[in-house]
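Peer 1: Chain order of the listed sequences is X and C.
With the first letter of the first sequence counted as 1, position 732 gets the number 732 in the working numbering; the numbers rise by one all the way through.
With the first letter of the second sequence counted as 1, position 528 gets the number 528 in the working numbering; the numbers rise by one all the way through.
These aren't lab readings, by the way, just hints derived from the structure by calculation.
Do not take every clue at face value.
Copies of one chain are not kept apart here, so a pair can be met inside one copy or by any two copies together.
Stated by the list, open to error - In silico lysine-lysine, DSSO-like type, Cα no more than 30 angstroms apart, as pairs:
1. LYS705 <-> LYS14
2. LYS693 <-> LYS622
3. LYS693 <-> LYS731
4. LYS753 <-> LYS593
5. LYS254 <-> LYS622
6. LYS623 <-> LYS693
7. LYS693 <-> LYS644
8. LYS573 <-> LYS318
9. LYS143 <-> LYS242
10. LYS670 <-> LYS284
11. LYS242 <-> LYS725
12. LYS725 <-> LYS623
13. LYS693 <-> LYS42
2 protein chains.
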Amino acid sequence: MKNNQFAIETVDRKTELQELRAIHFVDASIDALEDPLAVWQKLLQKTVLEAKSQTVFNQKLNNYLATSEITLGDFLNGNQAVTNEIFYRVALQLLEFDVDSDFKLDDPLAAMKEIQLPFIKGPITTKADLLDAWYLLLCTHTKNGQTYLDKLAQDGYFVPFYRHTTEPLFFNGKAQAVFDPHQLIRDVVYVEAPLDTDHDGKRDLLKVEVLRPSQTKQGYKAPVLYTASPYNQGINDEAGSKLMHNVDVPLAAKEPNQLTYKDVQYQPQSNPLPAKRTIHGEQKEADETFAMESPYTLNDYFLTRGFAVAYAAGIGTKDSDGIRDTGAVAETVSTIAVIEWLAGNRTAFTNKIDNIAIKAWWSNGKIAMTGRSYLGTLATAAATTGVAGLKTAVSEAAISSWYDYYRDGGLVAAPETFQGEDMDVLATEVFSRMQKPGDYLKIKDYFNQVLSTMAKDQDRQTGNYSRYWDERNYLNNVKNIKADMVMVHGLNDWNVKPRNVGNLWNALRDVPVTKKLILHQGQHIYVNAFRSLDFTDMMNLWFSHELFGVANHAKELLPDVLIQDNTQPETWKTYEDWQSPDDQHQIFNFEAKELVPQNVPVRSAAASFSDHLDTETFDFYKKHLDVWERDLLTTNHDTKGENKLRDNRLIFKTSQYTQDTYIDGRVQLKIRVAVNEPFGMLSFQLVDYGEAKRLTVSPTILAAKSLSGTYDWRRDNLREFTLQKETTPWKMITKGHINLQNRHNNYQVDALKPNDFYDLTVELQPTFYHLLSGHQLGLVVYATDFNTTIRGNQELQYSLQINQCQMSLPIK
Amino acid sequence: MKNNQFAIETVDRKTELQELRAIHFVDASIDALEDPLAVWQKLLQKTVLEAKSQTVFNQKLNNYLATSEITLGDFLNGNQAVTNEIFYRVALQLLEFDVDSDFKLDDPLAAMKEIQLPFIKGPITTKADLLDAWYLLLCTHTKNGQTYLDKLAQDGYFVPFYRHTTEPLFFNGKAQAVFDPHQLIRDVVYVEAPLDTDHDGKRDLLKVEVLRPSQTKQGYKAPVLYTASPYNQGINDEAGSKLMHNVDVPLAAKEPNQLTYKDVQYQPQSNPLPAKRTIHGEQKEADETFAMESPYTLNDYFLTRGFAVAYAAGIGTKDSDGIRDTGAVAETVSTIAVIEWLAGNRTAFTNKIDNIAIKAWWSNGKIAMTGRSYLGTLATAAATTGVAGLKTAVSEAAISSWYDYYRDGGLVAAPETFQGEDMDVLATEVFSRMQKPGDYLKIKDYFNQVLSTMAKDQDRQTGNYSRYWDERNYLNNVKNIKADMVMVHGLNDWNVKPRNVGNLWNALRDVPVTKKLILHQGQHIYVNAFRSLDFTDMMNLWFSHELFGVANHAKELLPDVLIQDNTQPETWKTYEDWQSPDDQHQIFNFEAKELVPQNVPVRSAAASFSDHLDTETFDFYKKHLDVWERDLLTTNHDTKGENKLRDNRLIFKTSQYTQDTYIDGRVQLKIRVAVNEPFGMLSFQLVDYGEAKRLTVSPTILAAKSLSGTYDWRRDNLREFTLQKETTPWKMITKGHINLQNRHNNYQVDALKPNDFYDLTVELQPTFYHLLSGHQLGLVVYATDFNTTIRGNQELQYSLQINQCQMSLPIK
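Okay, chain X solo, but in the shape it has when bound (with noise of 0.2 angstroms):
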């Protein structure tokens, strides 16, 4: 097991012991002591949450050994020194570490360090080395995931807190959970945004649902955690469903262009707009409650520590005004709307018909955005206008490009598990409007109008970039951003694909803003619960110090670059850069089956493969697609035949590796191919081959609904990736696709003759991977991708000039 902790702030032992002060670990009762001995026993007192006697205070230290033969409470009532061994010894026991399995009795000490538990160096033999290991202790992770602090609070500890609270508590640079949960005050709020998206001739009002500390009533003034998240007024799942496109259809020739950038580029439109309405009046309490949100658990985390959290849907969601157009620049208006509103620059109101003003008095007027997926995306999207009040974006697994979600390479390319899905499914899903059928009736017609211009504008035949796009592509603004920036993404994301922060992390690297990267090896998915990285104290410590203004080196203490190794759990390693330009490149030729290195010389050759299936294999694959994904992976002999694919691809492989690689950034392809019709495309796979136990790929609940962020407060489950129990044979590292007439790129469309060789240069989604020595890389060439693009199952028939095909890997 181990722990990685970035979040602990290193402080002086004056400062340390102010802040034990603060709260309440040291007090006149500890003023009092000197023995080191009797400060420990009156601190473990303070944890012994659940004892309202000294009985069950002293059945509960006996649950604990001080040593192996000795009970705590024994040896509190004995005379004997406390040494670091015993004191880490105990430390191991009240972090959840087991006996035996987690730790030898003997030597905590080393267990530790293997854990990677932080510890003081120095002797214990002073009050004040005694407390300055407790203020330590305080600050390390148990076994479940959340520092002993947050445990005890879990417990209790700030219970007492709660009714004199007036203002945040920070330990160690973060805050702490003194606000009362159950006391939230909930509001909703319509903000008046500059849009008329479903043309009536007024301006959009947006719901927003707003929760904020009961002390904002005497005066406190919160910072705010914004989710814009447009599925949190309701899905339509069943009208998303019956739009979703059909992909078994056949690839065609497209017209050749000679589009330039220009020729795509988004023209901001002026639209005329509706004046704002005229403001009838003023009012400082809301109109409007609501009861159950759709929260996001790290939120909820902040929301006892003094933030208040604000979720609102946008355009054309549950009683919002406005048409979903996603990605579109009015859904950008409308995310910054709610912001403006929260810092003093925008108008809202109590409900959508008096036209009573109601400000955000309570706001501090510092605004953080968090979420994942659509909402992260929002969060880049908000944070590429430079909007004023927005001090930092969280965005995880978050979009950059709508092109790079729905297309690749002048390709129809869906996210993986959503064939079909496209631009209109989207927008059709999170226009929950249609929800409220009084509402809905109103709007149907005009967004039906829209969707019948989305579906034009996605254009599924060619599959280019296009001005629709340009308009989607946040990338064009990140210039603009001011905000600091932290971005989470999986490795592993097949459905917001890792180019999506690869690009924005290129993007911003010379804007003057602060920016972090965490990439772990996860799907899809949130990292705040996960027991081997401290994430949620992460973003304390980087939220106290960007909302609150503490000064708790958050910028310094994050690593800039921080990812999650492959091949070992629970291994996160910090960099200076992802993707740097400065790294090297591994250079390999291609030979009939073999990946070779540059400088060994190739002969000329050819090698062919199909992409036709008979009709059975094809519908088989198409409603099996783990079996379609392994047959076109192994190389495993196939003396009967049975892999179908076996001619519908080609696999290039390395010798195996004779030290630890690892792959940083974009790989590079060179390709020359030809296809027997005036169209194609092509689809890459870079695979690791060697058998190994590797990570799984959906993390594990190690303990469910086991970590809330106080006493009687919503539970999350503990999660983390843990190896399989198996080995498996490869592991597709990145891929790549491109449509055979966008040489150039994904606007610029190639005349494509029969059966003549053309050169064409691939980047696969950017990767950082960790190549065991002893395993090869292979590189898997094949059209259609049933996870991701059209299937036509066409009689095509391709081939490379292999001896001019080359691959060019970064290598960290």
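Go by the hints and put chain C onto chain X.
Peer 2: Below, chain C without anything else, positioned relative to chain X:
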């Protein structure tokens, strides 16, 4: 979409009015009105809990349509009469059904019928009619699986009641959410059990965690839902894993014996028991509290409805005394000691040292047990003691005899997905005293000694039934049951197999208590948050009756036997009995590959199969149990010899059924078999062959965290079994296993001569199965069951004299 509600009590209009008044829907403002339209408006106003102004109320009403043209707001401001059509058009919207996808605006009554929602039959013309319809609407389920009144409770309807609550409030026979869950009092007490399982010379003290309404401080006496969960103080996963048994061991010949039941009958031992502790005083307030219990969501629902909840883990768990011995009489004694305390018949102490007694003075002495799996098992165990105070046990997926959990037919037979687990492993996993080193050290040696005895007594060598297992067979004591019983079990539960509930049901048939049975299509799951069934309401009706004595006709309203259909989603049917002795039987004879009706003459014939596989295949199947299962059952043409199990099983199929048929209970097989060694086993699966879309085996989450028992309280996921997207060619219905040396019963060992034919009879696990017309039944006969039996991969050859085999199918 189909709704199934059983817990709606029909009451007269006068009672309805009283109850509507009690929950404040009818009040002076309603009394002052006569016009049904005005009354309706007033009622609706009370439902818009988010509105703090009249404007917001109007705004929300305009989200609904009264007619296809007129919003509800406009309608209420007009003077058209409320018709049934208008009332139910709005009702469907209030119940969260979606226009178009769930119902057509122009015919709401048709939708009410189709979705199986209750509605009043007469016209709505008077205020009284309107109130009648409103009453029924409050009892009706929303699209999201809760009554409309519970939906309102979740929105905060009952929050204003909290301050005035002194006792429960019942509506339609069910307790309502008028107790503030954040004011619950949490006590820990230590019950002194009449046991000394750790042989320390003192009676075992058992930790109990109680959550009780704060109103108990003012004299309110609460009934108790008690969940005995051996897991809830922690689980020793690692220690358990280390003990897992190797199942890849050979089957061996057993020494024949002539044992009778008397030889294996459990004989109660009268161990001398230490004296009770001398009580040194009494105290009303607990010395100890707790923060994070391990909750059952069904209990959470009742915590806000006037019920107290008690959790206890029992002997050998963290903070309790004793040693874990799964299934032993001592475990049952430990389980009921808590009930005895709750009912005022046993002593508990405030802590483990001071001998200060504490009574359950806040309890009304009426107790129900709840929980699933091991938890439900202990509920069954407790019921079989006839302990006073236990009014009802809801035992879900419960074991009724531990032999039927880890053994079958004289064989070691693991619960599915737990190959290698046994009594000693489970006892170790729940022996959470291990997690507190100070306590554990004292008991470690003795526990290891108990473990050794357990390992011997459970006897993996023979798999025979014995005194050890007879002690752990609750069926022996079913006659003692005094509590009314609710049993819930999955027909696809291959963890706790259906025989467990089947035998309990049969044993209870003549016991003079009320018994109710719910059989669902799930595996080993809870069913309290399913959309199609009002299980939570049923339990509310039930507990309100059993523990509060409310005359709500619960015993009549709840069906005796309720079974979910396996061919259609959301379909629940009621029956008078399961496995009725009056069932008809279809008898089949065997021919080569066929099952033919009894009256078809069959020729003398034999058929053989091997139980041996090459090592590679054997190892592959061990890792890929799903492929093993597929290869075992598939009867697709296998021209290429890809199916490695082709010669390792026999499959006999009926012709296609020409009408839908319901298999009800235990399929019996008569088999004449020979094997080439002096040992052997047979396994059987009864299979439904026929291409069909079948229900998902695991529930689908329809809406995450959408259900809550009241405002700002713990949330649950809404679930349902939905139809799989693709058709499947078969479905395993039920199975069975037998050791060929246990032809008489599970304890008598018979001689087995190699290659001699023997007759034996096997009963498969009981089932209830809807076989569709056009489908075939198949019987698969094989030996090693990779999921269940030991896997010796021995060179065994089995032969069936098939004209001497017969299958008897009980038919409803």
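Peer 1: Look at each hint and say if it fits the structure.
Peer 2: To see whether the hints hold, each was checked on the structure:
no.: 1; hint: LYS705 <-> LYS14; in the structure: neither (37 angstroms within a copy, 45 angstroms between copies)
no.: 2; hint: LYS693 <-> LYS622; in the structure: both (28 angstroms within a copy, 17 angstroms between copies)
no.: 3; hint: LYS693 <-> LYS731; in the structure: within (10 angstroms within a copy, 33 angstroms between copies)
no.: 4; hint: LYS753 <-> LYS593; in the structure: within (27 angstroms within a copy, 58 angstroms between copies)
no.: 5; hint: LYS254 <-> LYS622; in the structure: within (26 angstroms within a copy, 51 angstroms between copies)
no.: 6; hint: LYS623 <-> LYS693; in the structure: both (27 angstroms within a copy, 14 angstroms between copies)
no.: 7; hint: LYS693 <-> LYS644; in the structure: both (27 angstroms within a copy, 26 angstroms between copies)
no.: 8; hint: LYS573 <-> LYS318; in the structure: neither (43 angstroms within a copy, 37 angstroms between copies)
no.: 9; hint: LYS143 <-> LYS242; in the structure: between (46 angstroms within a copy, 20 angstroms between copies)
no.: 10; hint: LYS670 <-> LYS284; in the structure: neither (63 angstroms within a copy, 81 angstroms between copies)
no.: 11; hint: LYS242 <-> LYS725; in the structure: between (40 angstroms within a copy, 15 angstroms between copies)
no.: 12; hint: LYS725 <-> LYS623; in the structure: both (26 angstroms within a copy, 9 angstroms between copies)
no.: 13; hint: LYS693 <-> LYS42; in the structure: neither (47 angstroms within a copy, 65 angstroms between copies)
Consistency with the previously given hints fails for numbers 1, 8, 10, 13, ordered from lowest to highest.
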